[in-house]
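Engineer: Listed below are the residues making up each chain.
Number of protein chains: 4
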Amino acid sequence: MLRFAIIGAGRIGGVHARAIAAHPQAELALVADPVGDAAARLAAGYGAASTTDVDAVFVSDVDAVVVGSPTPFHVDQIVAAVDAGKAVLAEKPVDLDLARADECVAAVGDRADRVMLGFNRRFDPGFAEMKSRILAGEIGGVEQLTIISRDPSAPPAAYLTGSGGIFRDMTIHDLDMARFLLGDITEVIAVGQNFADDIKEIGDYDGAVLTLRGANGGVATIINSRHCATGYDQRVEAFGPTGSLRAENHTATRVQYFGADVSGASGPYLDFFLQRYTEAYAAEIDHFVTAVEAGVAPSPSLADGREALVLADAATRSAAKGGAPVSV
Amino acid sequence: MLRFAIIGAGRIGGVHARAIAAHPQAELALVADPVGDAAARLAAGYGAASTTDVDAVFVSDVDAVVVGSPTPFHVDQIVAAVDAGKAVLAEKPVDLDLARADECVAAVGDRADRVMLGFNRRFDPGFAEMKSRILAGEIGGVEQLTIISRDPSAPPAAYLTGSGGIFRDMTIHDLDMARFLLGDITEVIAVGQNFADDIKEIGDYDGAVLTLRGANGGVATIINSRHCATGYDQRVEAFGPTGSLRAENHTATRVQYFGADVSGASGPYLDFFLQRYTEAYAAEIDHFVTAVEAGVAPSPSLADGREALVLADAATRSAAKGGAPVSV
Amino acid sequence: MLRFAIIGAGRIGGVHARAIAAHPQAELALVADPVGDAAARLAAGYGAASTTDVDAVFVSDVDAVVVGSPTPFHVDQIVAAVDAGKAVLAEKPVDLDLARADECVAAVGDRADRVMLGFNRRFDPGFAEMKSRILAGEIGGVEQLTIISRDPSAPPAAYLTGSGGIFRDMTIHDLDMARFLLGDITEVIAVGQNFADDIKEIGDYDGAVLTLRGANGGVATIINSRHCATGYDQRVEAFGPTGSLRAENHTATRVQYFGADVSGASGPYLDFFLQRYTEAYAAEIDHFVTAVEAGVAPSPSLADGREALVLADAATRSAAKGGAPVSV
Amino acid sequence: MLRFAIIGAGRIGGVHARAIAAHPQAELALVADPVGDAAARLAAGYGAASTTDVDAVFVSDVDAVVVGSPTPFHVDQIVAAVDAGKAVLAEKPVDLDLARADECVAAVGDRADRVMLGFNRRFDPGFAEMKSRILAGEIGGVEQLTIISRDPSAPPAAYLTGSGGIFRDMTIHDLDMARFLLGDITEVIAVGQNFADDIKEIGDYDGAVLTLRGANGGVATIINSRHCATGYDQRVEAFGPTGSLRAENHTATRVQYFGADVSGASGPYLDFFLQRYTEAYAAEIDHFVTAVEAGVAPSPSLADGREALVLADAATRSAAKGGAPVSV
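Residue numbers (the working numbering), protein chains in the order written: chain Z, 17 to 344; chain G, 17 to 344; chain Y, 17 to 344; chain F, 17 to 344.
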């Protein structure tokens with residue numbers, strides 16, 4: 017039985033609490049959040065203790081820490097937890113600043129196999145199936161990878177101001193997916209789009225199209241938008257010499273409507289990551305628990321978190337230069 | 017080059033005229049229709065001769081005759097054409113009266129290999145593919161066959177009055193399809209439904225569900241309706257011990273719409289048989305021409321036409337007895 | 017918080033235990049099973065007490081009892097639990113013998129609103145969505161209902177011997193679904209099929225096709241098989257005057273494969289009811305808990321359980337008479 | 017009745033011959049091809065005259081000329097035909113050299129409304145439906161356009177040597193489609209890929225990914241490959257603020273296979289443009305005939321042909337510079 021503390025009682029903290037509670041080898045022991053009674057409220061639902069003193073986590077007897085705090089706290093908390101001998105599951109990104117991420121990697125040093133980065137989409141059953149079928153050689157390798165990733169609607173401008181920009185906040189998941197399915201990336205071309213004025217005003221984009229060259233000659237395309245009328249648009253397509261694989265969107269049910277004007281009409285996509293990636297979060301916790309219990313390094317690693325940030329930085333620079341290629 | 021005459025310049029005559037004109041080894045030479053200038057108008061579009069004297073067909077020098085006249089004329093015209101040494105492609109049904117169909121079979125005698133019955137759906141590329149994949153053993157035999165067949169909307173009551181009832185007029189296509197894909201049928205159970213008052217008043221049904229026992233132990237289900245809001249609903253599903261095959265409906269294009277309320281919405285089904293079975297009519301003519309030129313018997317045969325009528329009769333009796341099983 | 021006892025620590029008992037444990041207003045307090053340590057093992061996973069004395073359930077302080085024992089015990093246990101003042105969620109069927117079911121209804125009397133029958137499929141999100149969209153008038157009523165329901169593979173002959181036959185054991189779910197979506201049924205026509213010799217030897221069928229007349233003029237078709245190569249085949253299609261609704265099968269993921277010979281190939285269907293109806297079992301418990309807490313009658317009721325049995329009996333008689341219509 | 021001559025009796029000449037023959041207001045009068053008996057053979061199938069002297073076309077009495085010769089002859093033949101007072105349907109590209117295309121535009125001058133460029137895909141019923149639904153405002157404008165366009169297999173290296181490279185030979189269709197659905201393009205980023213050695217040796221690519229900025233802020237992505245195991249991969253997806261539209265690939269039938277390992281498996285895509293775009297070629301001829309008969313300018317125009325070439329040139333330069341943005 018792995019005993020967990022969660023730092024950060026927000027939305028993502030709640031997702032992890034549920035996944036931990038449902039896991040037969042995991043137990044939620046402690047929730048820490050400095051703001052108001054958020055920790056107490058989240059802890060109550062699972063019979064866990066709570067605290068507003070985050071440092072209490074590191075002196076507690078938990079085995080593992082989920083770092084679900086706001087991004088600026090990630091590095092210090094990852095390092096403190098590792099120093100305290102805990103296993104760590106940290107939400108992405110490591111930090112918005114690559115230098116800070118490098119400090120984190122350095123501070124963790126050879127204890128990196130105690131830290132897992134929370135790129136939940138790798139654990140989506142569909143994307144995980146694609147990965148294993150690609151590895152099994154079903155399509156003969158990946159020559160072209162297409163990732164379409166659109167949020168249902170943009171977060172408030174206030175949130176986006178501190179988000180590091182679309183590439184570090186949103187695209188970073190897709191950059192990790194590109195690494196997951198295509199392998200190492202050597203060059204990034206990013207084109208930003210502005211449709212929403214409030215997002216433009218804070219110097220960010222609400223749409224983006226990226227082209228990534230892979231070390232193996234493959235190319236990945238990422239198409240992002242901060243809005244999608246039909247819901248959370250999350251698709252991946254891998255094309256290889258002998259076939260291709262597509263992961264299609266999820267709908268709430270498999271019911272289709274047929275009327276005078278349409279046939280085969282499903283409902284809209286599941287609205288957002290809590291619904292769309294429920295299974296992925298559960299599988300992520302399972303992988304973490306299994307790896308920690310077995311004493312092997314979980315994956316994705318802190319280094320994977322850093323690499324995705326390197327790509328997001330490159331995308332930010334490329335977009336700023338109007339789509340010029342940036343080597344990484 | 018096979019030279020054709022068409023008897024009957026109505027809708028189905030027009031379908032065959034187009035298919036003949038488009039076939040490289042076929043030529044439309046003559047159109048006969050006793051009513052007004054229908055023959056002249058159809059013939060004009062294809063540079064063919066026309067006549068209001070149907071008997072002129074049998075003394076003409078054409079090689080083949082398409083019998084596309086109203087049902088009561090079928091038997092006499094089939095026999096006259098065969099007597100005149102012509103090959104015959106006759107529209108279904110042979111007749112509404114089984115005794116007359118038997119007379120036709122008797123009169124044609126050992127010249128039956130000169131006559132083909134126009135069960136066009138056997139030539140639909142999808143249904144034909146199902147047949148050949150079933151024969152190839154892909155699903156290990158047919159245990160259960162489901163045929164859904166719904167017209168977009170009912171013909172006028174005036175037409176239906178002389179139609180012989182839904183089983184002889186509409187279901188007959190599905191009965192032939194059941195024989196095509198499942199084999200010989202030994203028993204028919206038919207349940208009629210009445211939703212439209214005008215059809216009920218003439219003693220007919222506007223919906224029906226049939227269960228057919230096959231000689232091999234398989235069972236076919238036929239679901240019919242005289243109306244379907246989404247268009248011409250024409251589906252077949254064959255279930256066997258090792259797999260199943262489904263032929264889905266056709267839409268005008270493969271475009272799908274995704275909006276706030278729906279995803280993957282295609283357009284409605286192709287509206288009716290002229291659109292839905294265009295390719296089938298062309299393939300039917302091709303089969304007929306090829307068989308006649310090669311001197312082999314085309315299929316489906318006059319006997320197949322009679323068998324479908326036997327089943328339609330059985331269905332009519334079963335429905336009249338409230339769904340009692342009727343052996344054939 | 018509703019405190020539960022489960023009678024029967026077999027497969028279905030385990031399904032309910034998990035759903036109860038995961039429900040925020042429910043708690044698993046006691047598991048009873050007379051056979052070996054089955055109760056102890058199931059209880060251990062959820063911190064519940066266990067007993068091999070089923071009668072202990074009725075004198076315990078639990079609020080609700082799940083009757084998941086073998087069918088012959090259902091009636092006595094339902095009555096005992098109701099007599100003890102418990103709310104009851106009983107697995108289907110009430111009994112294999114209609115007279116016994118009638119005794120159960122009589123014994124429960126006006127306390128019937130304390131008993132729910134476990135027709136889990138009503139709670140499948142897809143079928144539930146169909147029901148609510150039908151009620152909302154989206155298709156203008158149901159004229160034809162098609163239920164395809166095939167198990168991945170037949171249970172051992174030993175199990176089937178005591179099962180009451182395919183109609184009482186398997187079709188009963190589909191008969192309830194027909195009542196759920198079409199309404200009252202007035203007549204049953206059933207045709208049995210035999211492909212597997214061992215099932216034939218025990219006097220049962222391994223395939224069946226049923227036609228049900230609804231009181232409203234609609235007709236339902238049920239197509240059953242004890243085997244399906246692609247997995248658990250569970251589809252429903254409702255056809256009405258203004259449109260239709262289809263609930264399609266579930267696959268493990270939405271990944272599709274495209275190769276030299278195929279396009280758009282998904283994986284096989286989820287294999288069986290534990291996977292296919294996971295959400296349904298959770299929703300069923302939720303409905304039961306909510307109804308009991310609110311003091312209202314849960315649905316489906318004991319009477320619904322009896323009605324399904326009436327239809328299964330009628331189907332058994334119809335099949336024995338070679339498909340003759342049986343009024344109910 | 018519009019009387020046609022076709023210059024070039026190759027594969028594309030044959031496609032147009034068939035479409036002209038099938039059109040009620042069009043007639044194939046003459047086929048010209050300097051090589052061997054190609055013209056004679058093609059003409060024979062349609063009762064047309066033939067010649068090995070291409071200049072004979074311009075002094076003939078035909079109303080319209082289809083320029084289906086090898087690319088280097090296009091400009092001279094377009095100009096000669098226009099000078100001779102003929103309407104012209106010219107295959108793409110106008111020329112591989114933009115300067116020559118400019119000469120063509122200049123020479124044709126204000127007679128440009130007599131010339132149509134054969135971008136057949138605009139007439140594909142699916143893509144045409146997308147265009148009209150976009151114009152009707154169904155998705156609120158186009159923010160992101162994704163065009164996936166892969167050939168079944170690469171032509172021989174000998175053909176590719178004179179093709180002008182992948183962007184002028186293959187991508188040019190997609191560049192026109194981007195203009196058709198997104199509008200004017202202001203910038204091109206192109207990344208080439210090399211998987212096939214023989215294509216690399218002649219300095220060409222066998223894969224490419226392009227990003228096009230639209231004047232309206234939209235971005236189009238084009239993904240090309242010279243090979244695709246599943247057939248001719250031709251998809252377009254338009255994403256807008258209120259919805260999106262997708263045109264999916266075509267298969268020969270709508271039959272799906274379900275077995276132990278797969279569900280819903282369709283056959284492979286139609287293999288190549290003769291099958292995939294049969295309807296498009298017919299609709300293209302119909303548009304041309306209708307426009308010429310009505311005395312209005314057909315579309316796409318010679319200017320559209322030039323614009324696509326401008327984009328293909330920009331793509332060629334961008335790819336040569338490793339994906340640097342090139343303004344147009």
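Note that these hints are calculated values from the structure, not bench results. What you are looking at is a predicted structure, and each value in this text was computed from that prediction instead of being measured. Take these hints with a grain of salt, some might be off.
Chain copies aren't distinguished; within one or between two, either way the pair holds.
SDA-like cross-link-like pairs, simulated, lysine to any residue; straight-line CA separation at most 20 Å [as the list claims (entries may be wrong)]:
(1) 216 / 295
(2) 147 / 298
(3) 147 / 283
(4) 147 / 95
(5) 147 / 309
(6) 147 / 76
(7) 337 / 171
(8) 216 / 231
(9) 216 / 52
(10) 147 / 317
Engineer: Would you mind marking each hint as holding or not holding in the structure?
Structural biologist: Hint check:
Within a single copy, residue 216 and residue 295 get their C-alpha atoms no closer than 35 Å, and across copies no closer than 42 Å, so neither meets the 20 Å cut-off. In this homomeric assembly, residue 147 and residue 298 come within 20 Å of each other (Cα to Cα) only inside a single copy, at 18 Å, whereas the closest approach across copies is 31 Å. Proximity of residue 147 to residue 283 under the C-alpha cut-off of 20 Å is restricted to the inter-copy arrangement: shortest distance 15 Å between copies versus 27 Å within a copy. With identical chains, the CA atoms of residue 147 and residue 95 are never at most 20 Å apart, being 31 Å at best within one copy and 53 Å at best between copies.
Taking the shortest alpha-carbon separations for residue 147 and residue 309, neither the intra-copy value of 24 Å nor the inter-copy value of 46 Å comes in at or below 20 Å. For the homomeric pair residue 147 and residue 76, neither the shortest alpha-carbon distance inside one copy (38 Å) nor that between copies (51 Å) is at most 20 Å. For the identical chains of this complex, residue 337 and residue 171 are neighbours neither inside a copy (26 Å) nor across copies (37 Å), given an alpha-carbon limit of 20 Å. Taking the shortest Cα distances, residue 216 and residue 231 sit within 20 Å of each other only across copies (17 Å), while inside one copy they are farther apart (33 Å).
When the C-alpha separation of residue 216 and residue 52 is checked against a cutoff of 20 Å, the pair qualifies neither within a copy, at 33 Å, nor between copies, at 63 Å. With identical chains, the CA atoms of residue 147 and residue 317 are at most 20 Å apart within one copy only, with a shortest distance of 17 Å there and 46 Å across copies.
When each numbered hint is compared with the structure, violations occur for hints 1, 4, 5, 6, 7 and 9.
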